[in-house]
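Could you put together the complete structure from these sequences and hints?
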Amino acid sequence: MSDTMDTAARAGELLRLHREPELLTVVNVWDAISAKVVADVPGTRALATASHSIAATLGYEDGENIPLDEMLDMVARIVRATDLPVTADLEGGYGDAAGTIRRAIDVGVVGANLEDQLKPLAEAARQVEDVVRVAEQAGIDFVLNARTDVFLRAGDRDRGEVLADAVERGRAFLDAGAPVVFVPGFLSEEEVAALVDAFGPQRLTLIGLPGHPPLARLEELGVARVSFGPVPQNVALTALQRMVEEVHRGGTAPEDTRRLN
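If you count the sequence shown from 1, position 253 lands on 253 in the UniProt record's numbering, and the numbers rise without skipping.
FYI, nobody ran anything at the bench for these hints, they're computed from the structure.
Errors might be hidden in some of the hints.
[What the hints assert, rightly or not] For each label pair, taking beta carbons as the anchor points, the in silico distance ranges come out as:
hint, residue 1, residue 2, range
1, ALA164, ARG249, 46 to 54 Å
2, THR57, ASP175, 35 to 43 Å
3, LEU58, GLN137, 54 to 62 Å
4, LEU260, GLU190, 16 to 24 Å
Note that beta-carbon positions come from the ideal geometry of N, C-alpha and C, so glycine has one too.
Spelled out as C-alpha cells, the structure:
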C-alpha cells in the first residue's frame, strides 16, 4: 500500500469512528512513547495529540509559542509510532492554517483541531473552507475538528448568549465543510444537548473534564468524540511527582509500576 493510500485509509477510518453512534474517546499523547503506550491499550481506536503537552515537553509555553517545525516534527514521530489514525491539535494554524494542514497531511496526520480564537465569524469560516479545500486536494476524508473558544473565553457573560454564539459559529463551520465542531469548556448536560440538537448527532466533540456528564450519557446525547487535552500528561506528571515525594520520604518506586518502555 502506498503512503498516500495508507493515509487515505486512516482518514476514512477516523471519519467512520466519528460517524458511528458509539462515542469515540481519545486519550491525548505528546511524544512517541506516550503514543505507543496509549495505542497498545486494548480498545484504543485512534490517537490525538495535545499541543499544550507537546509544547511543554519541548520547553515552550502553550499558545503557538512553539515553532511550527518543532510541533510537526513531534507530530510526525507520533504518527510513525502507531498504525492507528492520528489527529493533531494544531492550535490556530500558526498564521497559515491551510499551509499547516497541508504539511500535517504530508506527515500522515488525518485530522486536526483548529481554533477559531474568536476571530470574526466570516474570517473563521473562510479558514475552515481553506483547510477543507486543502484536504480535498490531498484526496483524503480529513477530519477537521473546527474549534470555537466561546465557552473557554466566556468570562461572566450570560450562558444563554454564549451558547447562542457557539451554535452560530459551529453551524457556520459545518456549512464550511468541517465534519465536526469542538466546543471545549465546562458544559452542562443541557448545553451539550442543545449543541447536539443544533449541529445534529455525531457532529459535536468535547473535552473530558471533571464534572462533565458521564461518557455513557454523552454517547446517549449523540456526542461524536471526547478527548482529554493536556490532562493525560498531567496525570503522568502527577505520578512522577508522587514518586519523587515518596523517595524523599525514604521510599522507592510504586510496587505496581509497569515496564512500558
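Hint check:
1. ALA164 - ARG249: 46 to 54 Å: This hint holds: roughly 53 Å between Cβ atoms.
2. THR57 - ASP175: 35 to 43 Å: Given range 35 to 43 Å: holds, Cβ gap about 36 Å.
3. LEU58 - GLN137: 54 to 62 Å: violated (30 Å)
4. LEU260 - GLU190: 16 to 24 Å: violated (40 Å)
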